[in-house]
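Throughout the sequence shown, residue numbering follows mature numbering (1 follows the signal peptide of the UniProt record, and there is no 0), covering -32 to -1, 1 to 684 in sequence.
In short, the hints are calculated from the structure, not lab data.
It cannot be assumed that every hint is accurate.
Below, simulated SDA-like cross-link-like pairs (lysine to any residue); rule was C-alpha separation at most 20 Å, straight line [unchecked claim]:
no., residue 1, residue 2
1, K104, G278
2, K340, A424
3, K374, S349
4, K408, M314
5, K454, S349
6, K389, T536
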Amino acid sequence: MKKGELEMLKRWLCVGLAAIMVGLAGGSQAHADTDFDQALATAPQGISLNKANSIIALGTAPMSTASVDDVTNPDSPGTQAVVVNTAPYQFGTAWSTDENSIDLTHNQSIGFWFYFGNQGINAGDGMAFVLQNDPKGIAATPQFTDRPIGETLGVWAVDTDPDQAYVSSFAKTAIQNSWALEFDTHYNGLSGKSALGTANAFDIGDPAVHIASNYPGSGDTYVKRTVSGGLLGKDHYYYSMTHNGVISDSSQPNFLSNGQWHHMTLKWDASAKTMTYTFNDRNPKTGVAQSGTSQTVPIDLSKIDPDNTGHARWGFTGTTGQDYENNLIVLDNTPGLVDGTADASMQDLTHNHAITKDSQIVSGDQVELDYKLHYNGGRQSWSNINSRLNLPKGITYKSAEIDYAKGSKQTLNVSDMSNNKLTMTLAQSLDSQNNEATVKLLGQANDVPETVYNPALSSTFSSNALVTNADTPSFAINPNVDLDLKVTSGNPVTLKTKEDTTVTGNVAITTTASTKPTVNVQGKLNGQALPDTPVASDGTFKLNLTADQLQMGTNTLKLTATTPHGDTSKTVTVLITVVGTLEFGDVDGTSSFVTSTLTGTQQLVSRNKDWGIEVKDTRGTGQQWSLSAQSTSFTDNSGHTLSGGPVYVGSYGTQPLNGHAVQIMTHTTNDSTDDGQVNVANDWGDRSGVLLDVGGDTLSGTYHGTITWTLANAPS
């Protein structure tokens, strides 16, 4: 070993011993970096790490320079960050304590924010989240020689020996009995001779910057690649790596070291034995939940828990090479310690509806805003919960309180609010006996001259064990608009059959808005929606209704003025009655009987085909009418009177029409079959209906007479 290399090793050993001595006090890294200062100044809310019974400890492996630093963001009080790397050729680890390992027999989750500097393509090398049962515990480390190797990210195998021909032996240089989720900011893609002994080939065939997972201590993770020495020479070897569950971004290839904090959530499904990790599931600037990008991978427990303990240590590792980045982590949810959730909901009490994403409310509406915290379980109670509420603007909050599951209340002072932010500490802890608390605020939407848009806002509930967020929905507050609709045309309206009508009216608009809103009249005719009718600038409107839209009898038209923001007038009802008629339709003015030959005996003479007697009833189904007929005596031009005359032959026999009226037909309308029109003569046969009775003593001639048809609107 060269003298310089020995001095480097001694220097790293000294730093490692210093890390052991200071524990979580940290301070072993030098931070003269504006990007590092920016990271601390913008760090999101997380948990405190320097505390009694700390959940995490700095790694005690030689060379580890990880530290814990207080963040400087005033909006993230009490938050501390694990600083893994800040300079070239560094190695850092931080691990859960024995008491705070992850229980693999139950569902678990862990959440954290991470910051990888602003180096872009020059960043190096990244970080890994690790589950492990390495016998070295918090001293676990790859088998470095003289200095850290960036490609390992502090967990993978060390590819510096070109003579290493056995992948199983190669894998033993990694942290053992482990699974790692890597956040790789530096491309290691050399191949061939240039890759030998350089530890720079793990990323062959993969995106340069990526998130991915596998088992560092398993030979199955690595792919041996051979550089042939020819017939007489010696073969040499280097290794690439198989990446599972890859997350990358082709549109932003340097999506990790971009000067922003990123949130990651991991969820362990104990029954399915899968790990789901979701990247960027919270907005880095607002903290509001978003969908993010997820991958789910199976976990072979035999590779991370070969002794079936049911537990694994979790933690973070990182390394840098010649290229480096500031690498910081803020924890907000640790597995098993406290399992709690927070949800926000809003209600428009005036109109009795939930305020959800992109809802709209109106100035003056009474509003309720609830933040519900729920304790689901854990190894300890959820205590010392500090709440930082980021409240929607445009609302005057009049009261606030916290209701606990046990029935007690904690009154809050809304005058403590500043810039729509309200901070408080819950007076009670949440546990299995007191598992819920609801922060309830009541207020009223302010009068606004124009629409006020509220984006989704994230509020934080933090303790030393858990940080969780609750997001209010995006919504708008619109100026109050009072609409008064009046109908200026007749109401009620009576129409004849097949008659159109026009309904006119006026809408008076009173508003605090700087400009009057667009107003439409929504109509429903007999329960069926009509197309909206626009209201003119002078407030008038006109709704045309055709006869085809109207039914016989009473029609109900309901009119309501509305704006696009949901303002409505009181509904006005217009009654439109369509009155039908009972009348004759087509009636032949002249009808005749068949010319017959006198025989000296009485005979019934049939009709010719010129008898048409139509009745039209447009009063609707179920109406009744009757038709009767009465005739005068028939005479010829010489004044002779016909012996006999017209008779009606029907179900009641033969009835003479002269002298008195005879009922010819009764009918009940059914528009589904006859549409109110009936031709009475259509049902008469050759020997039925109106016939001519000719007596045997009738003189030869052409006789004329009159039959009077009488139509009544009810059966006789």
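Hints and how they fare:
Pair hint K104 plus G278 holds up; C-alpha atoms about 18 Å apart against a cutoff of 20 Å. Using a Cα cut-off of 20 Å, the hinted pair K340 and A424 holds, with the two alpha carbons roughly 17 Å apart. A distance of roughly 15 Å separates the Cα atoms of K374 and S349; the hinted pair therefore holds under the 20 Å criterion. Restraint check: the Cα-Cα separation between K408 and M314 comes to about 10 Å, which is no more than 20 Å; the hinted pair holds.
For the proposed pair K454 and S349, the alpha carbon gap of about 62 Å is over 20 Å, so the pair is violated. Restraint check: the Cα-Cα separation between K389 and T536 comes to about 33 Å, which exceeds 20 Å; the hinted pair is violated.
In summary, the structure is inconsistent with hints 5, 6 from the numbered list given earlier, while agreeing with the others.
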